[in-house]
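Each protein sequence line maps, in turn, to chains A and B. So in our numbering, spot 108 of the first sequence is number 90, and the numbers just go up one at a time. So in our numbering, spot 100 of the second sequence is number 82, and the numbers just go up one at a time.
In case anyone wonders, no lab produced these hints; they're calculated from the structure. Predicted model only: the values in this text are computed from it and were never measured. It is possible that some hints are incorrect.
As the list makes no split between identical chains, a pair holds if one copy fits it or if it spans any two.
With a straight-line Cα cutoff of 27 Å, these simulated DSSO-like cross-link-like pairs (lysine-lysine) come out [claimed, not checked]:
{"#": "1", "residue 1": "K154", "residue 2": "K122"}
{"#": "2", "residue 1": "K0", "residue 2": "K109"}
{"#": "3", "residue 1": "K88", "residue 2": "K109"}
Number of protein chains: 2
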Amino acid sequence: MQRHFEYELDGLKSNIIKIASLAEEAIAQSIKALLEQRKDIAEQVIAFDRQIDEYEIVIDNHVVDILALQQPVAIDLRFILAASKINNDLERIGDHAVNIAQSAVKLADAPHIKPLVDIPIMAETTKQMLRDAIDAFIHKDAQKCRAVLINDDVIDNLNRKVVNDLVEIMRKDPGTIDKALDLIRVSRNLERVADLTTNIAEQVIFMAEARVVKHGTGLTAKQG
Amino acid sequence: MQRHFEYELDGLKSNIIKIASLAEEAIAQSIKALLEQRKDIAEQVIAFDRQIDEYEIVIDNHVVDILALQQPVAIDLRFILAASKINNDLERIGDHAVNIAQSAVKLADAPHIKPLVDIPIMAETTKQMLRDAIDAFIHKDAQKCRAVLINDDVIDNLNRKVVNDLVEIMRKDPGTIDKALDLIRVSRNLERVADLTTNIAEQVIFMAEARVVKHGTGLTAKQG
Chain A
-17 MQRHFEYELD GLKSNIIKIA SLAEEAIAQS IKALLEQRKD IAEQVIAFDR QIDEYEIVID
43 NHVVDILALQ QPVAIDLRFI LAASKINNDL ERIGDHAVNI AQSAVKLADA PHIKPLVDIP
103 IMAETTKQML RDAIDAFIHK DAQKCRAVLI NDDVIDNLNR KVVNDLVEIM RKDPGTIDKA
163 LDLIRVSRNL ERVADLTTNI AEQVIFMAEA RVVKHGTGLT AKQG
Chain B
-17 MQRHFEYELD GLKSNIIKIA SLAEEAIAQS IKALLEQRKD IAEQVIAFDR QIDEYEIVID
43 NHVVDILALQ QPVAIDLRFI LAASKINNDL ERIGDHAVNI AQSAVKLADA PHIKPLVDIP
103 IMAETTKQML RDAIDAFIHK DAQKCRAVLI NDDVIDNLNR KVVNDLVEIM RKDPGTIDKA
163 LDLIRVSRNL ERVADLTTNI AEQVIFMAEA RVVKHGTGLT AKQG
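Required output: the full structure, derived from the provided sequences and hints.
See the structure below:
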């Protein structure tokens, strides 16, 4: 029974790594489509989201099966519940990649209204956050999550800067409004990805330390 | 043991009803603050979010305790896992109310750039969706969820209309750009609330019918 349980847990870990790498790739490709004005890549991202959606369902069912058949407690229970929520967050990251890809399609036909500098930095930072958060989850390493929480502030600041810059451009030339709104949408979607990644990091800290850092309340949770 | 388990499940239901009503009230008040240009109400919504955050943590810990101590299976296990995810969605709805309230603060000092007609309709529809989804969850009534899924399309269309109207206004008068962007932000946040409510409805269908309607894949899940 114990060996079978370890086997199931390893399977769950592999599934989370897989869906995380699909979500990260979707973000990377949606930004590539935007920067290189490649409609074909954007459309691939949109079509590919179905695979991420299906993978989420596979993992959801895996979680139900493990809980029903193995009835884990303590850290194992917390790990499985965290996996369930992280799975959900990763699927939503895929949805944000689709939103970015939709804007990339609309922005592919004419030159960009400004050189895109901050958005690629946001995308790189966000991908690094996601890798750190998943790595922290797999290795139950709460320490690694602190970097994720700090980077979330970096992303918030960059998002504010991008929005302000674009408002300035719109004000000077109302002909840019449609395109500027799409770039703002891209920036806000990256900010949401960073938020979801921060959720993941908070889940990991909750699981590893059985202590709640969410919402900065400093509340202490009961040991599971 | 069985009676104690029923007691725990009833407690969990009450907690979900409570956090749902807090989230619904936060949305209602944030829209009231916007329409009546009441900064004081907007600031109350922002301050109140802490209570929703803390309630989420209480419910998270309740879920861990029930799973660890009662080791439920089948429909009960699905119900508890659904509660855990719904809890998460409701806390995020509270975050969207905060975003709306922040825009309401910024829009409180000068007359609105247009009469707000569609946004109150979106808010009313979204609140009804939320009530239907939570009601469906408590009564394990998947049928009730279909209305939620249909209303989500209504909200998507209204959001598109609001954004298009505001782009038109910005184009004619670039002096309105800042205010128009805040109204677009309100509309998009309501659309996200409707999405999260749709997630809740999908969880209920999944739980009640042990069948996955998510993402329109038509996949059939294993019985728990």
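Evaluated hints:
no., hint, result
1, K154 - K122, "neither (50 Å within a copy, 55 Å between copies)"
2, K0 - K109, "within (15 Å within a copy, 36 Å between copies)"
3, K88 - K109, "within (24 Å within a copy, 32 Å between copies)"
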